[in-house]
Every structure is written in C-alpha cells, then in structure tokens.
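Q: Got chain B sorted already, so can you dock chain E onto it with the hints?
There are 2 protein chains.
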Amino acid sequence: MKDRVRRIFDRLDASVDALVVANAVDPHLDQSFFYLFDVPSGLFEGSVAVAHRDGSIDLFSSPLEAQSAEEAARSDRGITVHKVERDATPAALGQALGDAKSIALNFAELTHGWFARLDKLRPETSWVDASEAIRKVRAVKEAGEVERLRKAAEIGSKVGVEIPSMLRKGMTELDLAAEMEYRMNRLGASGRSFSTIVAFGAHGAEPHFQPGSTKLEAGVSIVCDYGAFYRRYASDITRSFRFGPADPEMRQVHETVERAQQAALDTIRPGVAAKEVHLAAAKVIDESPFKGRLIHGVGHSIGLAVHDGWGYGPKVEDKVEEGMVFTVEPGIYLPGKGGVRIEDDIVVTSKGYEFLSTAPRGYLEVAS
Amino acid sequence: MKDRVRRIFDRLDASVDALVVANAVDPHLDQSFFYLFDVPSGLFEGSVAVAHRDGSIDLFSSPLEAQSAEEAARSDRGITVHKVERDATPAALGQALGDAKSIALNFAELTHGWFARLDKLRPETSWVDASEAIRKVRAVKEAGEVERLRKAAEIGSKVGVEIPSMLRKGMTELDLAAEMEYRMNRLGASGRSFSTIVAFGAHGAEPHFQPGSTKLEAGVSIVCDYGAFYRRYASDITRSFRFGPADPEMRQVHETVERAQQAALDTIRPGVAAKEVHLAAAKVIDESPFKGRLIHGVGHSIGLAVHDGWGYGPKVEDKVEEGMVFTVEPGIYLPGKGGVRIEDDIVVTSKGYEFLSTAPRGYLEVAS
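Protein chains in written order, with numbering that gives the first Met the number 0: chain B, 0 to 367; chain E, 0 to 367.
Pulled out of the complex, with its shape left as it was, chain B reads as follows:
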C-alpha cells in the first residue's frame, strides 16, 4: 500500500529514514500492520513491516502465515515478503534497515518489550513517535475502506432490526449476545468487533458492562452495544429497548438521547472541531432533567479497530474531515435503574454526513 506509506511519511519529519511496525503476541498486534499490508487471512504474531520513504515495504512474516503473505504481496508490488523464523527477525530487520539513523515507530500499539529489543539492536538510532501521523492518516478513509465499513455496519444494522424478535422472558444476557453474534457471522462477519455488551435493567447504567447470566424479566430496559468485523473493518452500534410494561421515565430518557444524538449529528461537516460534536449532545442532556448523566465522549473513530485512534470528547480540538468514519453515541446512565445509549456509524461527506448504520433508532417497547 504505497500510497498509505507515503501519506504517513508526509506527516513525519523529513529526517525519518524508515517506519517499523512490529507485532507482539495476540492480542498485542499493531492494527497498522494490516493498514500497510492488506492481507485477508493470518494472525501475524511476531511479524514486522519495515516501510521506506519511497513507499516500499519489507515484510517479515513467520512460516505460519507464509502462504497468505505471499498471495497478498502478489497483488501489491510495493511489498517484499521475507519468510523468517521468529527468532531470526532481529538479524533480518538489521539488513532491511541498513544505516537508517532515524526510525519511526507506532508508540501507541508497539509493546515496550519490542521497543527495548529494537533499542538494544540499534543503540545509535533516534526513535521517533509516528503514532500521531498514523492516527491521522488512518482516520481519513479511502473509498475501499468506507465500503468495508459500510458492509460491517449493514451486518450490524440487520441484526439490530431483529433484536426485538429475539427477546424472550427468561433468556440470559449471554443468550441474547450469542444470538446476535451468530446472526452477524451468518451475514458474513468474520466475528464480533469487540466483546458484545448486553445489559438488562440496572446493568445498563454501566457503559462497558459485559453480559452474564442475568435473566430477562418483564419491566426492564435493555442496552445492546455490538459490532461486526468485515474484512478487518469494524462496526459499532447501540440500540436500547424496553421489555414489558413501559416506563415513562425511561421513555423520556430515550427521547432525550435521541435529541442529543440528532444535535450532535447536525454539527457534523468538514472543518468542525470534534469537541463541538460532543458538546452539542452534552448540551441537550445537560438542559434536560438528566443533567450530568452523559459520562463518556459522544463518539470515536472506527476502522481497523473499534476504538480507532481518537474520541469525540469535550476537549478534542481535531477537526472533522471528509472521509472520516466515526460513531455518534450519546447515552444517559441512571445508577440502580439502567441506561439508554443510541449509537450509529457515519461517514463524513463534503457537506455533512451519511449514515453507515441504518437500524431504526426510535425507542422500541417490546411486549413481554
């Protein structure tokens, strides 16, 4: 992916000779490795990409993925695959790096153990943090990336539409999560993009709750936050429901969150600061009876990871750009009672935004 390498180098100091992206052991893999090398299959533990200023890449791959690496490299002429045993990587790296004096690394996803090994191997090298450059380049998607993200969001949206029909009294949070993930996989996902959140009742007050064996009973609210990977790209969607007798307060909470989401969406266009998107949603919530109950940033970039580089919080000055893909997900959390979050995935267009996720956002009160 010569263009991607060049875009990253454009943001680095002119003195930088090379960029090294190194994977440790699962889950400590640098997702940028798969940005530089678009390979559909393989784990690539211990593999390393050395990218040069001219856009070319030396890729050091273990025998465990040699076949995939070689196939993928055949359609990307900038990449030379070197098949190495994991232990041989440092010596092989030395050759590819030649007399490079200044080498960039992705501090955000490189383990410190890898850094220490590299620093020992090349004690004279000046190491440069490329994580800001990589974050910014990865944030603006190419058309092909948007298509994968759209497909990932479509898979999630179809399942979102089906959630109400899956609800059964007595089912556990884990049961519902299993059903949702199965349907995403049947629709072509290669797996969930993060650990599915299904929170019944008071559990919904915790944004990162993980499902357990709590059973569904009539008269609770439900938060489902989930997403699919499609060809390594993520979706991330939240829908909130009510099971059984309606609750006027939770309905009001949902309506407030809907208005907050729309207010955030209305701000989105190239040039606006990320914090403005957050603040628009926060304002709606803080002017409602639920003041102070939004306890997280209102969105985050998505791409090769579900939390892909940056968030939309009250202090984020980064500007929104055309081609960025991110979530818009205000929520209101009432400890002891539950929560409501609505989360959609959007792509920034030249004049505003377009939804990638399409499931209805309105509050569904499902008969128990």
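A couple of the hints might just be wrong.
Identical copies look the same in the list; a pair holds intra-copy or inter-copy alike.
Lysine-lysine pairs mimicking DSS-like chemistry, simulated, CA-CA at most 30 Å apart [claimed, not checked]:
#1 Lys82 <-> Lys119
#2 Lys100 <-> Lys1
#3 Lys318 <-> Lys1
#4 Lys214 <-> Lys135
#5 Lys318 <-> Lys119
#6 Lys274 <-> Lys350
#7 Lys157 <-> Lys336
#8 Lys150 <-> Lys282
#9 Lys157 <-> Lys168
#10 Lys290 <-> Lys82
#11 Lys282 <-> Lys82
#12 Lys214 <-> Lys157
#13 Lys274 <-> Lys314
#14 Lys314 <-> Lys1
#15 Lys135 <-> Lys350
#16 Lys119 <-> Lys336
#17 Lys274 <-> Lys82
#18 Lys100 <-> Lys336
Just so you know, these hints were derived from the structure itself, not from any lab.
A: Positioned in the frame of chain B, the structure of chain E alone reads:
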C-alpha cells in the same frame, strides 16, 4: 489478589518498590490487569493497577466501569478503587507511587506509548522489566484458574464432538465457524478466545488460516482450531476431519500426528524441559514420510490469553511444573494439499498430566 502480587514480587529484585500494570486502548489491554484484579465485567481501557510489595493494589478505573470495579473490590480487601477520568490518571498515579524509586512494568504487554508517558512523569525512576516474573507466576495456575480453564475446555470439547454433524456440502468456512462459535456461546462461553480457524482443503496447510467463503466439497480435509473464553480464561482445541471419500495419505498423516501427540504427552511431568515435549513430537514426524512438515512449536501456555506467555519449541529450556496448563498440538502441513493438527489442553499433575479437553482425537471420515 494479594497472593498473586506477592508471588510476582518474590521474583523481582528486592529494590523494586511497586509494580504498575497499565491498559491502553482495546485490544492493547494487559491481561495481567485481570490477573491482579479478578473482575468479571468491563473493558478497563486506560485503567491502571499499582501493586505494592505488601500485596495491596491501588486501582485507577474510569467511570465506564466504576460499578463493576467497586463490586469486585468489595470481595478483595487488598484493592482500593480510585475512580478517575482518564486524563487525571497521571496525577493520581503520582500520589499512589509516592517516592518509589524502582518500579516494575510488564514490558510484554505495556505499550511503548504508556512507557514514554510514565518515563516523562517520573524521569528519575529506574524501570524494571517484570515480564519474566509475571509470565512465570501466571504460568502456574491456582485451583480456581484450572476450574475455569477446564470449563472453557469442556465447552470446546462439546462443540468438537458436534462438528461432524454440522458438516454440509456447500457450506462455507465462515458458516462452519459461525455455527461453532454460536454453540460455544450457547454453552456459556463469553466468546471465542481467538479468531476461529476453519480451513478446507489446501487452506489447512497454513496453520493460522482465517476462514473465508470457500465452500465445502466432497474429498477435502478440514482443520478446525477454536476455543472459548469462560470467565476470562481460554481454551484452544484443534480437530481435523475428512469430508467425503477417504484419502489414504491424509489418513496416514493423521495417524502420524496422533502418534506425535501421544509421544509429546508421554514426556509431560514436573521437571521435564519444555523443549523435550516438543522434540518428542518432532521426532515421530521427522522419522515418518512427513519429515520437516511440523512448522511450529508443539504447544503453548494458556490462561487469561490463548497464547499466554510461552511456547513449547525446540529451544525452550523452561521446566514443566505442576499446575501449568498448556496445549499439545503437533501438526503436519502439506502445501497445496492440506494439513492435520490435533490440539488438546492439559494440566500438569504431580506425576504427569490430565486432559482438560476431551473430544475424541481419532480421524473422523465424514460421509459427504
């Protein structure tokens, strides 16, 4: 988990004042965080544990998981939870670390970005690599950990028994993976422990192949490598099948792998070097017509991660100890034709080993 903290400190230099375990953004979470803090729910991005020599822990958690953190800490009196905004963490950390001069870090799972931030915060500190100590302590499981691993393996084994009945002409690799994952989740898994490998035909020659849209046809071999998470602990099982007309060569391959696995298993007892386990399997394969076709280490530790700290390769001198849990998984890979791998999870006992996974290991030739 005071005992765990103390066991880690026992392996560190007496001058070390504190151990810091810091999470970055998903997937760059240090699994040791969940070793020190046994919390069933929550993602804990950006959260940090500061462990002290007396076994106590200061835990800095974001509001996103505050409820889970506080609940879990109530049953673990050594832990004090500090609820902080992510941005406030450095200042809060400073307080907990006091005048500590020598601080240990888990280089293997800490991002270099986190290290750079800590080093800037405390430029006078001497940083010590605790990854070897942590790896060794985590490798020997407590009874409660073995029970979770056993449950994770049971879930995988039940699904392994069912795989032959799931096979249908025309189904894709992704279809089969979806079905396997669904059944694991229905049996109580909180998800797959790694990206499920389903490889039809020649794909089986690549150990880390990821399933795609290739359809099942009669006359191919199938490799299924998969596992479940149960209460954060992983299983990892591989079974290989033949769909449709038998193939004498692949049957011979399978028999050779079975013998190799048994040879490896027969070496397992406390005190034997890890490399002996590998070499026993490699010898069987290298004395067969498939010499040189074992292209990976014959096993790895499992625990809070599926690749949990170390492997069983030809050069690994570490000694096997009672309470260790690892996989035994020789394979033979024939490029262009396919592969066979058999993988089981075992726990080391005082005299030998016990299987955690139980699905039949024999070669199943399934009618197409």
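Q: Starting from the hint list further up, note which numbers the structure goes against and sort them upward.
A: 4, 8, 14, 16, 18
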